[in-house]
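Since the structure of chain U is already known, use the hints to place chain D on it.
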Amino acid sequence: MDLRDSPDEAAFRARLREWLAANAPAHWDQPGAERLEGAERLAFLREWSARLYAAGFVGLTWPSEYGGYDAPLSHHLIFLEEMGRSGAPEHVTPIGLGMAGPTILSHGTEAQKARYLRPILTGEEIWCQGFSEPEAGSDLASLRTRAELDGDHYVVTGQKVWSSFAHEADFCILLARSDPAAPRHSGLTYLIVPMRAPGVEVRPLRQITGDAEFNEIFLDGVRVPVENVIGRPGEGWNVAITTLMYERANLAVMLTVRLEIALSRLVDLARTTRRRGRRAADDPLVRDRIAELWTVLQALRFTNYRALSTLMSTGMPGPEGSIVKLVWADANQRLTKLALEIEGPSAMLSGGEHAVQDGLWQRLQLRSRGNSIEGGTSEILRQIVAERILALPRSR
Amino acid sequence: MDLSETAEESMLREQAREFLRARYPIQRVASIADGAGFDRHAWQEVAALGWAGISAPEDAGGAGLGFVEECVLGEELGRALFPGPFLTTVVLTLPALTGAPDLVKEVVAGETVATLAWLGPSGEPGATRFPIGAGLAQDRPGLYGSAWFVPDLALADLAVVAAEGPAGPGLWAVRLDQDTISRQDLPTVDTTRRLGALFLEGALGRALAQGSDAERLLEHLRDRALAFLAAEAVGVASRALEMAVEHARTREQFGRPIGAFQAVSQSLADAYAEIESARSLVRWAAASVAARAPESARAAAAAKALASEAAVRTCERSIQVHGGIGFTWEHPLHRYYKRAQWIQAFLGWPAELRARIAASLLDGPGDENERV
Chain U
1 MDLRDSPDEA AFRARLREWL AANAPAHWDQ PGAERLEGAE RLAFLREWSA
51 RLYAAGFVGL TWPSEYGGYD APLSHHLIFL EEMGRSGAPE HVTPIGLGMA
101 GPTILSHGTE AQKARYLRPI LTGEEIWCQG FSEPEAGSDL ASLRTRAELD
151 GDHYVVTGQK VWSSFAHEAD FCILLARSDP AAPRHSGLTY LIVPMRAPGV
201 EVRPLRQITG DAEFNEIFLD GVRVPVENVI GRPGEGWNVA ITTLMYERAN
251 LAVMLTVRLE IALSRLVDLA RTTRRRGRRA ADDPLVRDRI AELWTVLQAL
301 RFTNYRALST LMSTGMPGPE GSIVKLVWAD ANQRLTKLAL EIEGPSAMLS
351 GGEHAVQDGL WQRLQLRSRG NSIEGGTSEI LRQIVAERIL ALPRSR
Chain D
397 MDLSETAEES MLREQAREFL RARYPIQRVA SIADGAGFDR HAWQEVAALG
447 WAGISAPEDA GGAGLGFVEE CVLGEELGRA LFPGPFLTTV VLTLPALTGA
497 PDLVKEVVAG ETVATLAWLG PSGEPGATRF PIGAGLAQDR PGLYGSAWFV
547 PDLALADLAV VAAEGPAGPG LWAVRLDQDT ISRQDLPTVD TTRRLGALFL
597 EGALGRALAQ GSDAERLLEH LRDRALAFLA AEAVGVASRA LEMAVEHART
647 REQFGRPIGA FQAVSQSLAD AYAEIESARS LVRWAAASVA ARAPESARAA
697 AAAKALASEA AVRTCERSIQ VHGGIGFTWE HPLHRYYKRA QWIQAFLGWP
747 AELRARIAAS LLDGPGDENE RV
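For the protein sequence lines, the chains are U and D, in the order given.
The numbering used here puts the first residue of the first sequence at 1, with every later residue one more than the last.
The numbering used here puts the first residue of the second sequence at 397, with every later residue one more than the last.
Chain U extracted, bound-state conformation (with noise of 0.2 Å):
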């Protein structure tokens, strides 16, 4: 067991460290710093990406013969680590990157990855997801939107929710019901689906926190052709679980890394404020509380280290990385409170200036809520670890 960086890993921390101290843009999404809104971050978003692929850092596990760097695991999660902590604008198309570019990578056709995967490197071409349905949730199989074959098209109606750069995306993978007649888990096709197509309508979802991160897609005779089909026709299900299991092991890190920047903000709020004539930080329930919460987040970095060590010396993943979004997302819901409960009376207001940092904590807060339940519900989640890892019966 070694904890340190191999000198190979180390050299790679250092470089990217140098290269985000001397290109990312200062305060970026801080507090009030200025904001960019709408097309011009858009268009700042694509060139800074454009920028960090050209510097090396992007699409470095992928296979060099489609754009990628063909480096080893540990850098990627270097490159998650460090673009966290430095507080750098992520990628554009993070969906591209970590769940699309890998599930065409995995059960893509040549023709497939020659299209889509260097655009996606290059931040050119920006991918959303259209899994879920208002009435597919946690059940995904029962999904109902329709492709239907016509021809050399599939014919597309139904309806996505939840579905965050829908907005700006040029392509969607998309789960959708092509055989209606057979057992739900086997009729299921996984599609590429253009966002320009005639039939394609976006709305925003306004959500607790009064933004509109997520959007509804509108499908109505969407027409895509077959060769936009990832994988075998009706085996959709199995390439979507693909896409999942890229999705949880990129999202473990990048979790983590949020929760330790806010667990930093945290302990900056009960320092600097003070309560009934003496320091936050003073307070004993309160230490005790911030202390769980680092002793959690220093669980969660390891097990991510354990993961990746497993993944990295069997090619599997170990059963021990499924715990992470679980873990994590009860501990940014306990953090988040507590900085309501530090920041006292002013947790009421919103904005302005008597609130504390214009009411960062309060938006955070309300956003934690949806952490158990996206990406898999808490519920979901535990029930995953009691049917596969601890092989109790199934519950249905």
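The hints are simulated quantities; they were obtained by calculation from the structure and are not laboratory data.
Note that CB positions come from ideal geometry on N, CA and C, so glycine has one too.
One should not assume that every hint holds.
Claimed, not checked - Pair by pair, the computed Cβ-Cβ distance ranges are:
id : chain 1 : residue 1 : chain 2 : residue 2 : range
1  : U       : R144      : D       : G651      : 29 to 37 Å
2  : U       : A33       : D       : F723      : 37 to 45 Å
3  : U       : R396      : D       : A418      : 54 to 62 Å
4  : U       : A10       : D       : G651      : 58 to 66 Å
5  : D       : D455      : U       : R279      : 23 to 31 Å
6  : D       : S608      : U       : R274      : 34 to 42 Å
7  : U       : A14       : D       : R409      : 29 to 37 Å
8  : U       : W28       : D       : A751      : 30 to 38 Å
9  : U       : P180      : D       : R645      : 35 to 43 Å
10 : U       : E65       : D       : G460      : 12 to 20 Å
11 : U       : A33       : D       : A747      : 50 to 58 Å
12 : U       : P204      : D       : A751      : 41 to 49 Å
What follows is chain D alone, placed relative to chain U:
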């Protein structure tokens, strides 16, 4: 970085599990616990496996491995509720004897069982760190005073005693067969790991370390014990969870195995998440303490806090899932629960350990919130 288990570690784990299954099945542990306690002479067989000298250098008769391997053993010993003096002799005492090679040799050979006597009547580490007076009266050489909450004291031949002398704090190796020494058993809830009180009336000891060396050594011993106990707690919790899962798969009520009810399965999934979180911290703490890295105190504190809570909670969940049978003396679960509680209470409850972590995060000059 690479946190995976090495081939050597896996071999050690398998060897340990095999030996403990054959020689210390839970029925035997239960009869030891309900009887006179661990037989001092049985230690020889365990030491013959190379465990007493696992991290002692090869020229001292040891196996030349390290603290990471001690923690691998710790998890297996915890799983089996091993009632022998590994924690005391190997984890808490051996590193203090480095300056006394003859004593190291005795311990490594399994001839001597040793323990550490450094807690006062409150049992709290730190507050009365050096409870025993050393040669306080000028005309009376020797060690005077008492130490409490001394684990495995009844079995021990030798104690490393922490004492405050005229020249400051120090550690002494004290043979326990002297007339000037008496011991008292403290009735202990977990009878697989008993505690005692030690009384010294002018006992003779060999000086092992003095002044700040002694303080640093004690801190190192404390961190070793915290990380090792965390590993033990992971073993205890893993076994308690396995028993709950076995029961939930076979016990039927309302016509189905109770594990098919989500109130049961989700509770056990939470136990799994807590145990794996603790296991990750144990790997970190073991490697940090082995390297005597600057973060080892925080890592060991975090690991023991989380792992002991995970073990106590997992045992509680397991008792609940077992229903009435889990509440009986006959069922072995209560023994795991009591060991988990012992681990939780020894060398700092979780909240006390977190108070130390909080001080490092919140009381520095401003940039203490470092990433370790």
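Report task. Given the range 23 to 31 Å, decide if the beta-carbon distance of D:D455 to U:R279 lies inside it. Result -> 54 Å, violated
**Report entry** Consistency of beta-carbon spacing, D:A751 to U:P204, with hint 41 to 49 Å
**Finding:** 47 Å, holds
Query - Status of the given 12 to 20 Å range, CB of D:G460 versus CB of U:E65 - result: 48 Å, violated
Query - U:A33 paired with D:A747, Cβ distance criterion 50 to 58 Å - result: 38 Å, violated
Query raised in the report: Measuring from beta carbon to beta carbon, are U:R396 and D:A418 in 54 to 62 Å?
Result: This hint is violated: roughly 41 Å between Cβ atoms.
Query raised in the report: Is 34 to 42 Å a correct range for the gap between the Cβ atoms of D:S608 and U:R274?
Result: Roughly 38 Å apart at Cβ, these two residues keep to the hinted range, so it holds.
Query raised in the report: When you take the CB atoms of U:A10 and D:G651, is the distance between them in 58 to 66 Å?
Result: 59 Å, holds
**Report entry** C-beta pair U:W28, D:A751: status relative to the range 30 to 38 Å that was hinted
**Finding:** The hint (30 to 38 Å, Cβ to Cβ) holds, given that U:W28 and D:A751 are roughly 36 Å apart.
Query - Cβ distance range 29 to 37 Å for U:R144 and D:G651, holds or violated - result: 33 Å, holds
Query - CB-CB spacing for D:R645 and U:P180 relative to the 35 to 43 Å hint - result: For U:P180 and D:R645 the Cβ distance comes to about 36 Å; the hint holds.
Query - D:R409 and U:A14 - C-beta distance against the hinted 29 to 37 Å - result: The hint (29 to 37 Å, Cβ to Cβ) holds, given that U:A14 and D:R409 are roughly 36 Å apart.
Requested in this report: Could you tell me whether the CB distance from U:A33 to D:F723 stays inside 37 to 45 Å?
Outcome: Hint violated: Cβ distance 59 Å, outside 37 to 45 Å.
In this structure, the earlier hints numbered 2, 3, 5, 10, 11 are contradicted, and the remaining ones agree with it.
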